[in-house]
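With the sequences and hints as input, model every part of the structure.
Protein chains: 2
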Amino acid sequence: MNNKPTIHTSLSPALLHLYDLSNSIVVIIDVFRATSTIASALHNGARSVIPVDSVPRAIEISKNIGGIAAGERDGIIAEGLQHGNSPLEYSRAFIGNKILVLTTTNGTRLLQMALNNNADSIISGSFPNLSAVCDHLVAEKKNVVLGCAGWKDRFNLEDTLFAGAVIQRIKKHFTIHCDSSLMAETIYAKHKNELIEFAPNLTHYHRLVERFGLIEDIKFCLTEDVANVLPVYIDGKLVAK
Amino acid sequence: MNNKPTIHTSLSPALLHLYDLSNSIVVIIDVFRATSTIASALHNGARSVIPVDSVPRAIEISKNIGGIAAGERDGIIAEGLQHGNSPLEYSRAFIGNKILVLTTTNGTRLLQMALNNNADSIISGSFPNLSAVCDHLVAEKKNVVLGCAGWKDRFNLEDTLFAGAVIQRIKKHFTIHCDSSLMAETIYAKHKNELIEFAPNLTHYHRLVERFGLIEDIKFCLTEDVANVLPVYIDGKLVAK
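Each protein sequence line maps, in turn, to chains G and W. Oh and the first sequence: position 104 is 104 in the working numbering, straight run, nothing missing. Oh and the second sequence: position 210 is 210 in the working numbering, straight run, nothing missing.
Treat the hints with caution; some may be incorrect.
With a cut-off of at most 25 Å between alpha-carbon atoms, the simulated DMTMM-like pairs for lysine to aspartate or glutamate come out as follows [stated by the list, open to error]: (1) Lys152(G) with Glu72(G); (2) Lys219(W) with Glu72(W); (3) Lys171(G) with Glu194(W); (4) Lys152(G) with Asp20(W); (5) Lys190(W) with Glu72(G); (6) Lys152(W) with Asp153(G).
Derived by calculation from the structure, the hints in this document are not laboratory data.
Below, the structure written as structure tokens:
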């Protein structure tokens, strides 16, 4: 009898309900750029990151708790805010010991869905904190659901690549009977040595780089372990474990 | 200005609504085994295939029109029926000039969703009729949505592999800005010369072969152009064009 825990990969928030989350660690994956920015802020000493789904709510919460409200709409810092979604904005000098109230669309929605589906626990993952995520999943010995945030429910390759990176690193500790996990690992294996060179093929790259010139963001978001912290969701906040 | 039509790939019925079907040819893909069986029956001279979603409905319709009702539940010929979902059952001697009333779950549901979303036209695709599908799509010069039936809304690799096969053959005639299409093509390119050897890695393989011994079905369903006909959905029936 094989008693290893399982890994499943949900390729879109619209598919998350197909998986049993109640006995699983759910990894929220939003590579461009929410979960990379969360890793960056926590790695640089933020006390917590509060993910919210709207700009007014970010402003309200940040006023109440003295936090920094941040967020973008269509690639530009949102009206009423001073800070955006770039992981490079959150240096230690700026964010150290502060609370970041971050508005994201795809990532926050997925996180809320994981909560509604009674996830056993929720962490966030991105290439900048790949090792911390993998070490945690191996140590916990629980079932895992890798939840790709996608783009407005559409599949995207960058989140899938990250899922594949996790699977390749930790698969020997798990049982995997899941076509999306096998696909993710295959895609990652093909591109892992040229992630940044491959990026121009991603639909999301065009939104970020061609329209907004965010090539340095892209590079950070595709670099492993440059913000190697484990963000754990507890009581409405992501905190470094 | 690039005026080529587009290709998008919907990896699950739960994602089909994300795509604009009203200006698109929708290709229903259910490789194991519904769309392969549809190709087989029509290639062997069936007058039409009527896809239905339940066994009682298959029995009722077949009685009314003098058709052959067929279908399985959990891999066994369904109670009240004499014929199953295997493409190998539908020889010319048996199905020639007859009407097949086929119950399928994933494929019929996806087809109904395409109808509900006002698809411009609907065809069905599988490896046995790959060339007929590709020739039609190139000739029509319309937008294309490759609709993978999946398994109970989950992603599966075999339908994705077929989408990738179509894309690789016809992409020069289309504009493709779609991560799932790029992924599908990549996966197909990796496995195209060993589809049958790769099959044991698919979750669906275990259901079909390990439980029901349907290895010959699998081989047929993964072989290109052995039933090279174009099934077009018109007035509730799939007919060979």
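Right, here's what the structure says about each hint:
1. As the CA atoms of Lys152(G) and Glu72(G) are separated by approximately 15 Å, the hinted pair is consistent with the 25 Å bound.
2. A threshold of 25 Å between alpha carbons decides the hint, and for Lys219(W) with Glu72(W) the separation of about 19 Å falls inside it, so the pair holds.
3. This hinted pair checks out: Lys171(G) and Glu194(W) have alpha carbons roughly 24 Å apart, not beyond 25 Å.
4. A threshold of 25 Å between alpha carbons decides the hint, and for Lys152(G) with Asp20(W) the separation of about 14 Å falls inside it, so the pair holds.
5. Our distance criterion of 25 Å between C-alpha atoms is broken by Lys190(W) and Glu72(G), whose separation comes to about 38 Å.
6. For a cut-off of 25 Å, the pair hint linking Lys152(W) to Asp153(G) stands: about 18 Å separates their Cα positions.
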